[in-house]
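> Make the full structure from the sequences, and use the hints.
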Amino acid sequence: MKNPLWTLFLLVALLMVVIAPFSALAMLMLFMVASVFVWAFWTFIQTLFSNDAT
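The numbering of the sequence shown is the numbering used here, which starts it at 6 and goes up by one.
Bear in mind the hints are in silico, worked out from the structure with no lab data behind them. Note that CB positions come from ideal geometry on N, CA and C, so glycine has one too. Be a bit skeptical, because a hint or two may be false.
With beta-carbon atoms standing in for the labels, derived distance ranges [as the list claims (entries may be wrong)]:
no., residue 1, residue 2, range
1, 55, 20, 31 to 39 Å
2, 19, 49, 36 to 44 Å
3, 51, 29, 16 to 24 Å
4, 35, 9, 15 to 23 Å
5, 9, 40, 13 to 21 Å
The structure is reproduced here in structure tokens:
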């Protein structure tokens, strides 16, 4: 599956491994990434169930 979203996720996961010793920064990044993924998924669901391309 050549999905850019998965590529981005893998890059972020690799970055998380690199900055793992800085736990506070890692937690903040994890929270930000999770928020972005939830927002993207919710937007996708809303677009999927709406007939207008707004």
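> Hints first: check each against the structure and report whether it holds.
Consistency of the hints with the structure:
Checked against the hint of 31 to 39 Å, the C-beta distance between residue 55 and residue 20 comes to roughly 34 Å, which is consistent with it. For the pair residue 19 and residue 49, the supplied restraint of 36 to 44 Å is violated, since their beta-carbon distance comes to about 24 Å. For the pair residue 51 and residue 29, the beta carbons lie near 33 Å from each other, so the given range of 16 to 24 Å is not met. The given range of 15 to 23 Å is respected by residue 35 and residue 9, whose C-beta atoms sit roughly 20 Å from each other.
In this structure the supplied range 13 to 21 Å holds for residue 9 paired with residue 40, their Cβ-Cβ distance being about 19 Å.
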